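Here the protein sequences come in this chain order: A and B. Numbering (UniProt numbering) for the first sequence: 1 to 301. Numbering (UniProt numbering) for the second sequence: 1 to 301.
Hints in this document: simulated from the structure, not taken from any laboratory. Note that the structure is predicted; figures quoted are calculated from it, not measured. Where hints are given, some of them may not hold.
Any copy, or any two copies together, can satisfy a pair, since identical chains are not distinguished.
[As the list claims (entries may be wrong)] List of simulated lysine-lysine pairs, BS3-like, C-alpha gap at most 25 Å: (1) K143 to K298; (2) K71 to K274; (3) K74 to K60; (4) K60 to K71; (5) K25 to K60.
Protein chains: 2
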Amino acid sequence: MASDKPSHRFDPNFTSQVINAMGPKTSPRHRQVFGALIRHIHDFAREVELTVDEWMEGVKFINALGEIYTKSNKTRNETHRICDILGVESLVDEITHKIISETGIDPTSSSILGPFWSPNAPFRELGDVIFQDGVPPNGRVAKMHGVIRDITTGKPIPGAVFDIWQASANGKYDFQDPENQTPNNLRGKFRADENGRYWLYCLHPTAYSLPRDGPSFQLLTLMDRHPMRPAHIHFMVTHPDYQACTTQLYPSDDPWIKSDTVFAVKDDLVVDFKPLQGDDKATLELEYNINLAPKGYKGKI
Amino acid sequence: MASDKPSHRFDPNFTSQVINAMGPKTSPRHRQVFGALIRHIHDFAREVELTVDEWMEGVKFINALGEIYTKSNKTRNETHRICDILGVESLVDEITHKIISETGIDPTSSSILGPFWSPNAPFRELGDVIFQDGVPPNGRVAKMHGVIRDITTGKPIPGAVFDIWQASANGKYDFQDPENQTPNNLRGKFRADENGRYWLYCLHPTAYSLPRDGPSFQLLTLMDRHPMRPAHIHFMVTHPDYQACTTQLYPSDDPWIKSDTVFAVKDDLVVDFKPLQGDDKATLELEYNINLAPKGYKGKI
């Protein structure tokens, strides 16, 4: 926050000069966001007495992010990943989606989208497999199912769309792994039935490392941090009348669950896979019910 | 600054969780810089209640910076320029170079390097012109000269290198303007003589607009700001025994001098060009003496 007396030895008027350069046609939200951004960047620089050389390293680092994005034909988003390892996506997710219900049924916690969602996942039939390329070596198949419900009424939401994506047993998503996976392998959209139920076959997820050859790994190394994400399954649930829920589920026995390098684990997203008998497609079962808030519902603030 | 009681409704432990993920092998400086960076980014996001959609716009914006850098073969540094229009380069310049002398002779104020300096400028002879492609239409030639001195002794510094660069009369630097300018036009390095004197012929500088087709202009537009820089001449003075001075000079009658879009004008850098008679090469004269601090000199802090 700005204070009247500067706690530093630099020009006390400089930051307000930059903020006040904004003209009268700036929208109120842009004025608020850019004003706070300028103030925090300047306060940061003065607090650590950032040098020209350090700032230039930062400029090079940001250019390297966009260079990878460009050269990978926009499939590798290191800028998104840097935000994740700095906790920024988890934080804006909390800021955007925080709902405390009045009904006793909490909405399913959201979690970060991450850089691997695809807008092109195909619709599949309820009960289909999402491993269209077959079960990979070391893959374990799970039957995943549940009911999608309204938090205000407890009633099911027929027709809600359950969009799931996950890495394969080698820790890679389809577009990181074109030698082994066809496009949309381990992705799929399912439309809930008249009772709000969805069911499908997926893989027990596998923990994986963020890429070790780019700027995000450089930053993790400078911070002496590991690059591991706990095993997880991504999904997004949508319906025209409800607030969308984008989230991830984590097996409770994963060794990285307490130190997720992108800070995306929440208690109600930690699940137990159970042994399944009598199903010739799967040896594991995961039941997960999803609770959505109607559009416009704010809950207790 | 972190406070004990959070002034917001979000998880009060989240930011310290992210900062404390840094391991024991992080260097003290990295721990300080990254810790403060994470805290200020999180405080910014909570303060303005940044949404997921707004953050994603930010990610796209940063990728667009690196995309231009990559596609321009690293000649167009919009990341650098964004820092300039947010006042960041001027601020880190102040932080890095602030010296208050004990001798009564102030060191020449530094100013931002900007994205147009080149490491490839050729040495030229004292008295040479830097407009190697000739005087452009509307160009006015000035004889620039002065003495480079030590602030602690007032004595000249023989052999100091004066490295000058400027835009042409059309507001463009050589590598923005390959149709009209050869490489290193309006650039040059000059070695001061035994009396610390330098002299050369340059152009009276021309005000120009930052590029109007990229992310920095988008940001300026959102902020309802103009993209103009006042007319200026860049130079950098170096000597093995002295702290380098990178700076810019501004004609006092420039209409943009009070609203430089990169906040780089300082009082002692505002100069008057005077009419010159009896020199068949130039109609204007600019005398500018430069004061350098010895390496290691800190002055009053």
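Each hint tested on the structure:
1. K143 to K298: neither (34 Å within a copy, 69 Å between copies)
2. K71 to K274: neither (43 Å within a copy, 51 Å between copies)
3. K74 to K60: both (19 Å within a copy, 11 Å between copies)
4. K60 to K71: both (16 Å within a copy, 15 Å between copies)
5. K25 to K60: between (32 Å within a copy, 23 Å between copies)
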